[in-house]
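Chains as they are written, first to last, in the numbering used here: chain F, 391 to 546; chain X, 12 to 90.
Bear in mind the hints are in silico, worked out from the structure with no lab data behind them.
Cβ coordinates follow ideal geometry from the N, Cα and C atoms, glycine included.
Keep in mind that a hint or two might mislead.
[Claimed, not checked] These stretches of chain F come out as covered by chain X in the derived footprint (C-beta under 8 Å, 3 or more residues):
1) 492-503
2) 517-524
[To be verified] So the derived list for chain X, only partly shown, Cβ under 10 Å to chain F, looks like this:
3) Glu-19
4) Asp-61
5) Val-70
6) Arg-82
7) Ile-83
8) Gly-84
9) Ala-86
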Amino acid sequence: MAPGDGSGQLAVRTSTGALARVNPPMGPVEGAQVLTVRQLQDLDEVIAEAEQASGLRFAAYLGDLGPDTRSRAEELLASLGTDAPYTVLLALSPAQRTVEVATGTEASLRISDRGARVAVLSVVAACGDGDIAGALTSGIRILADQAGTVPDRSFW
Amino acid sequence: MTLVSVLEVIGIFVVIPGAIVAVLGLLTVGVGHHRAKVHYQPGQPWEFPDHLWAGDAPVIATPVADRVGTRIGGARGTW
């Protein structure tokens, strides 16, 4: 768990040991919720299973990606600090009808760009039906499948 | 030995547990019902706050000296 400061906003430890704010903050957000509690629980479980099996860190972003969607996705990836090289980020911007997958420098050795495109196809198919939650969960499941299982965890 | 009336037995074993169940049921079902459900349809404007979920399971990190990856990979798509 990333260390928090009691304000509800989480922070990550950078390579220099300093605490850096994650922008946007991780975790629950105030305001109208587009996902139901059940869908959020499903997403939590899918992320946890993907991390246990693959040994990589998985992140999902839902929101605006700005004019340059690719650089914003890589910015979000970098905001995870020391874990960024092992992180796979699935960023979804329904307003722009765009999905970006960003794999960290080490994670990209496990998930090829072709494998990432498979997940993107699934996300696009789900979003075409307006199923935002299904897009995030199935996208992360496919990315975890592409990453494969860490050998010493294969018996879990 | 004190005598307990039928009404007292019913009150203790039926009415009081019933009231407890009713209060818990009301708290479970009633509270939060006022929150309007959001149904997002494709093409509607997106007026929700940004969300970021990141798992916290420990990752298997390679020491910096052993890292060989040099580029950030990924893919993009639109619909």
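Checked hints:
{"no.": "1", "hint": "492-503", "verdict": "holds (count 11)"}
{"no.": "2", "hint": "517-524", "verdict": "holds (count 5)"}
{"no.": "3", "hint": "Glu-19", "verdict": "violated, 42 Å"}
{"no.": "4", "hint": "Asp-61", "verdict": "holds, 3 Å"}
{"no.": "5", "hint": "Val-70", "verdict": "holds, 5 Å"}
{"no.": "6", "hint": "Arg-82", "verdict": "holds, 6 Å"}
{"no.": "7", "hint": "Ile-83", "verdict": "holds, 6 Å"}
{"no.": "8", "hint": "Gly-84", "verdict": "holds, 3 Å"}
{"no.": "9", "hint": "Ala-86", "verdict": "holds, 4 Å"}
The structure fails to meet hint 3 from the earlier list, while all remaining hints are met.
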